[in-house]
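> Line by line, the protein sequences are chains A and B. Residue numbers for the first sequence follow this note's numbering, so the first one is 353 and each next one is one higher. Residue numbers for the second sequence follow this note's numbering, so the first one is 169 and each next one is one higher.
If you're looking for bench data, these hints aren't it; they were derived computationally from the structure. Note that the coordinates shown come from a computational prediction; the quantities given were computed from them, not determined experimentally. It is possible that some hints are incorrect.
Far from chain A by the CB rule (all over 10 angstroms, computed), these chain B residues [as the list claims (entries may be wrong)]:
{"no.": "1", "residue": "Gly-254"}
{"no.": "2", "residue": "Pro-271"}
{"no.": "3", "residue": "Pro-317"}
{"no.": "4", "residue": "Ala-318"}
{"no.": "5", "residue": "Pro-403"}
{"no.": "6", "residue": "Pro-412"}
{"no.": "7", "residue": "Gln-413"}
{"no.": "8", "residue": "Ala-415"}
{"no.": "9", "residue": "Asn-464"}
{"no.": "10", "residue": "Leu-473"}
{"no.": "11", "residue": "Arg-476"}
{"no.": "12", "residue": "Leu-494"}
{"no.": "13", "residue": "Arg-535"}
{"no.": "14", "residue": "Val-571"}
{"no.": "15", "residue": "Thr-577"}
The following label-pair restraints were derived from C-beta to C-beta distances [as the list claims (entries may be wrong)]:
{"no.": "16", "chain 1": "A", "residue 1": "Val-594", "chain 2": "B", "residue 2": "Val-571", "range": "50 to 56 angstroms"}
{"no.": "17", "chain 1": "A", "residue 1": "Glu-637", "chain 2": "B", "residue 2": "Val-416", "range": "48 to 54 angstroms"}
{"no.": "18", "chain 1": "B", "residue 1": "Thr-431", "chain 2": "A", "residue 2": "Ala-398", "range": "30 to 36 angstroms"}
{"no.": "19", "chain 1": "A", "residue 1": "Pro-618", "chain 2": "B", "residue 2": "Gln-470", "range": "56 to 62 angstroms"}
{"no.": "20", "chain 1": "A", "residue 1": "Glu-574", "chain 2": "B", "residue 2": "Arg-434", "range": "57 to 63 angstroms"}
{"no.": "21", "chain 1": "A", "residue 1": "Ala-504", "chain 2": "B", "residue 2": "Asp-502", "range": "39 to 45 angstroms"}
{"no.": "22", "chain 1": "A", "residue 1": "Pro-618", "chain 2": "B", "residue 2": "Ile-509", "range": "24 to 30 angstroms"}
{"no.": "23", "chain 1": "A", "residue 1": "Pro-403", "chain 2": "B", "residue 2": "Asn-264", "range": "20 to 26 angstroms"}
Here a beta-carbon is modelled for each residue, glycine too, at the ideal position from N, C-alpha and C.
This is what each chain is made of:
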Amino acid sequence: MTSPCPACGEPVGPDDGFCEACGAELAPAAVSSGGAGGAVECPLCAADGRPPAGVSPEGYCEFCGRKVPSGRDREELSVGLAAGVTDRGLRHARNEDAMALAATRVAGEPVALAVVCDGVSSAPRPDEASLAAVRAAAGSLLAAVRAGYDPAGASAAAARAAGRAVGELGGPVGAPATTYTSAVVDGAGVTVCWLGDSRVYWLTADVSGSRCLTTDDSLAEELVAAGLATIDEAMASPQAHVITRWLGADLPEPQPHGARFEPPGPGVVLLCSDGLWNYQPEAAELAAMALPAALTDPLAAAAALVKFALDAGGADNITTVLMPFPPAWPETSPRSER
Amino acid sequence: MTSLPGFTVQIDQNPYLPVGGRDVSAIVTVTADAEAADGAPAAAGRADGSAEIIIVDCSGSMDFPPEKILAARAATSAAVDVISDGARFAIVAGTNTAWPVYPTDGSMAVADAQTRAEAKRAVAGLRSNGGTAIGQWLRLAHRIFESYPATLRHAILLTDGKNQHETPEQLAAAISLCEGSFRCDCRGVGTDWVVDELRKISTALLGTVDIVPDPAGLAADFQEMMRGAMSKQLPDVMLRVWTPQQAVAKFVKQVAPAIDDLTGRRSQTGPQVGEYPTGAWAPGESRDYHVGVQVNVGGVGQEMLAARVSLVASSPSGQQILGQGLIRATWTEDEALSTRINPGVAHYTGQAELAAAIQDGLEASKRGDEETATARLGRAVALAHAAGHEDTARLLAKVVDVVDEATGTVRLKKKVSTADEMALDTRSAKTVRVKKE
């Protein structure tokens with residue numbers, strides 16, 4: 353079965369990553385990059401019922417002076433096999449989380465992949481670091497998966513590609529840094545790769561089956577691992593969120609963790625930043641919130657998880673990505689952005 | 169059109185406000201580029217756009233001692249020597265009236281070797297006789313300036329006495345006539361003139377005021393003022409401040425090189441825009457301003473543009489923005505962020521307090537209120553010490569005996585020279601800049 357290339361109209365096959373005629377990428381990764389340009393009129397004034405006011409080149413309203421929300425403040429992405437929502441939250445001035453999602457076919461079988469990064473606020477330009485990382489990683493991962501490479505090797509290579517992209521942001525003022533989490537979901541299982549404390553969960557209707565697939569690179573986790581504190585004690589410490597590994601311009605050779613999980617039955621893979629799991633770290637509780645909606649409408653379920661974190665205080669940026677397992681195209685062919 | 173140099177505008181502030189906070193404060197450092205945008209040195213040429221008038225007090229008191237009128241003549245001649253070729257100039261003499269000394273027809277001469285020599289001959293013939301009506305002098309200078317359309321108009325006013333032969337209202341009316349027409353640096357020679365009188369003129373006319381206690385120092389001072397005036401290339405630069413609706417620009421003060429409160433000089437040029445005069449600028453010149461804005465309260469995490477500060481030049485072809493900076497506000501629950509006091513803001517707040525303490529102390533001393541004078545001048549000593557303001561510390565030490573400079577423990581000196589008191593008064597507004605790390 354073929355369909356026309358959206359760029360040149362020549363027929364392309366369902367498994368093609370690129371158009372054989374014009375070279376256009378057929379299903380590129382969707383990235384939470386904030387869209388093409390800023391708002392032309394201040395949405396805050398519009399919400400207050402005031403006449404339209406212009407927005408300065410720096411993104412401030414020319415009438416009320418408030419910073420006009422950037423495209424990255426809230427983004428919802430869906431690529432059919434995966435959907436995600438990222439939100440600035442209620443306490444931070446900008447969204448330093450980023451996500452990238454892609455869906456493709458390998459030998460006719462659907463494969464979903466996603467990358468979530470949370471820029472490290474204590475380093476410069478964290479928002480740019482996270483965005484550069486997800487963009488580079490998703491591009492690398494998608495190309496490798498399409499080429500039929502083993503997901504574990506492709507995931508580690510993608511993390512290194514992301515590391516190089518973050519490294520290019522380094523300068524005299526310091527080294528930008530970010531957490532890193534990726535997941536590739538195919539018909540056989542889930543391949544995860546991470547650095548830092550953004551997490552991947554397996555959520556299933558079977559309450560006892562839900563679990564966290566990653567282990568944080570954080571001081572809290574190290575204290576627990578070393579037997580120096582219980583998890584509750586460790587998380588109460590002000591240093592709980594100090595991460596011990598990351599992707600950064602100061603680290604030329606990232607050593608990401610990798611893991612493979614083969615689910616016994618249907619469920620959903622959740623990638624999230626600590627803006628969500630701070631309010632609910634328990635896999636079973638997250639499963640109860642996300643399921644069963646996540647199986648059929650992952651975008652609505654991801655938005656619901658973000659809303660839960662906002663309602664709980666929204667102290668940090670929040671990113672949630674959901675990928676149903678086994679991956680299957682929805683009845684209506686791949687949805688575009690909502 | 170000659171291309172105008174740009175301005176670099178740097179903002180030094182703590183943008184974090186506590187929940188419910190409304191007051192945003194920033195130090196704005198404005199530096200005129202040394203080169204025009206097209207790379208040509210901004211200092212080149214433009215002498216034909218400059219006009220200079222030297223106003224010399226010729227009242228009878230200038231003969232007591234006679235060194236004063238001699239020094240005034242010498243200083244005027246020395247200043248004439250450094251007027252650039254091509255610049256317009258004139259010399260005015262003042263008593264209870266005023267008359268043009270050179271050119272005698274009340275026009276302006278074009279500076280060259282010949283006119284400079286003629287002017288110096290005319291100056292050599294100056295005699296002192298009569299009273300003091302400074303408003304009359306300013307009015308004549310204004311009339312002469314208006315005879316030629318120069319873009320950079322500057323006057324030097326020298327007096328040795330009090331404005332006795334006209335009312336304060338007459339002087340005030342003359343000052344307001346001249347405001348915006350020309351800049352004026354004022355110098356008092358001897359100790360019989362009144363600091364407040366000259367300060368009113370120099371403040372309104374965007375110039376400086378200082379005492380020249382010894383007539384022998386006058387020539388060097390005049391030359392320096394004239395060189396400074398000749399270096400100015402950019403006339404009538406305005407500091408434009410945009411604020412969000414319902415926000416108020418509470419104050420705009422020049423804080424370096426000297427304190428000059430511009431708040432009252434605001435002209436509203438748009439619904440959210442006010443402009444403050446900064447006078448003329450020389451290439452490479454740098455000044456600091458302290459800007460305070462009160463904004464509407466925003467929510468935690470909200471970022472707001474509290475003010476946009478631009479430097480605007482007017483030219484026949486319209487207004488041109490030569491540089492701008494942004495003052496921001498962000499609300500946070502993190503008290504470690506919102507309570508942090510910006511060092512630049514703290515420094516200049518201290519310098520403003522220093523100037524106020526000196527002026528209060530000298531005023532109390534004049535009234536005979538020794539207790540207040542001791543307290544205020546002691547405070548000034550402590551502030552000058554804390555800020556590393558050595559020039560002011562030295563001037564203070566001539567007025568008080570310092571027991572402990574850190575705590576500001578002082579005793580008033582039994583005998584203080586009037587010249588020292590006046591020097592402290594005129595120079596109290598001079599500031600030192602924050603030491604950059």
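> All hints are to be evaluated individually against the structure, with a verdict given for each.
Consistency of the hints with the structure:
With 10 angstroms as the threshold on Cβ separation, the claim that Gly-254 of chain B sits away from chain A holds: the shortest Cβ distance comes to roughly 41 angstroms. Every CB of chain A is more than 10 angstroms from the CB of Pro-271 of chain B (nearest about 52 angstroms), matching its label as outside the interface. Under the 10 angstroms C-beta cut-off, the non-interface status given to Pro-317 of chain B relative to chain A holds; the minimum distance is some 36 angstroms. Non-interface status of Ala-318 of chain B relative to chain A is upheld: no Cβ of that chain comes within 10 angstroms, the nearest being about 36 angstroms off.
With a minimum CB-CB distance of about 28 angstroms to chain A, Pro-403 of chain B clears the 10 angstroms threshold, and the non-interface call stands. The claim that Pro-412 of chain B lies off the interface is violated: its Cβ sits roughly 3 angstroms from the closest Cβ of chain A, which falls inside the 10 angstroms cut-off. At roughly 5 angstroms from the closest C-beta of chain A, the C-beta of Gln-413 of chain B falls inside 10 angstroms, breaking its exclusion from the interface. Not every beta carbon of chain A lies more than 10 angstroms from that of Ala-415 of chain B, the smallest distance being close to 7 angstroms; the non-interface claim is violated.
Chain A draws Asn-464 of chain B into its interface by the beta-carbon criterion, the shortest separation being 8 angstroms against a cut-off of 10 angstroms. A cut-off of 10 angstroms between C-beta atoms contradicts the statement that Leu-473 of chain B is not in contact with chain A; the least separation is 4 angstroms. The claim that Arg-476 of chain B is not at the interface with chain A is violated, since a C-beta of that chain comes within 10 angstroms of its own (minimum 8 angstroms). Its beta-carbon lying about 6 angstroms from the closest one in chain A, Leu-494 of chain B breaks the requirement of being farther than 10 angstroms from that chain.
Arg-535 of chain B, annotated as away from the interface, keeps every beta carbon of chain A farther than 10 angstroms; the closest lies near 46 angstroms. Listed as a non-interface residue, Val-571 of chain B keeps its Cβ farther than 10 angstroms from every Cβ of chain A; the least gap is roughly 47 angstroms. The non-interface label for Thr-577 of chain B is consistent with chain A: the shortest C-beta to C-beta separation is roughly 44 angstroms, beyond 10 angstroms. A hinted range of 50 to 56 angstroms for the beta carbons of Val-594 of chain A and Val-571 of chain B is consistent with their spacing of about 51 angstroms.
Range check, Glu-637 of chain A to Val-416 of chain B: about 49 angstroms between beta-carbon atoms, so the 48 to 54 angstroms window is met. With their beta carbons about 34 angstroms apart, Thr-431 of chain B and Ala-398 of chain A fall inside the hinted range of 30 to 36 angstroms. For the pair Pro-618 of chain A and Gln-470 of chain B, the beta carbons lie near 43 angstroms from each other, so the given range of 56 to 62 angstroms is not met. Under the hint 57 to 63 angstroms, the C-beta atoms of Glu-574 of chain A and Arg-434 of chain B, about 58 angstroms apart, fit the expected range.
Between Ala-504 of chain A and Asp-502 of chain B the Cβ separation comes to about 41 angstroms, which falls inside the hinted range of 39 to 45 angstroms. Hint check: Pro-618 of chain A to Ile-509 of chain B, Cβ distance near 58 angstroms, so the stated range 24 to 30 angstroms is violated. For the pair Pro-403 of chain A and Asn-264 of chain B, the beta carbons lie near 60 angstroms from each other, so the given range of 20 to 26 angstroms is not met.
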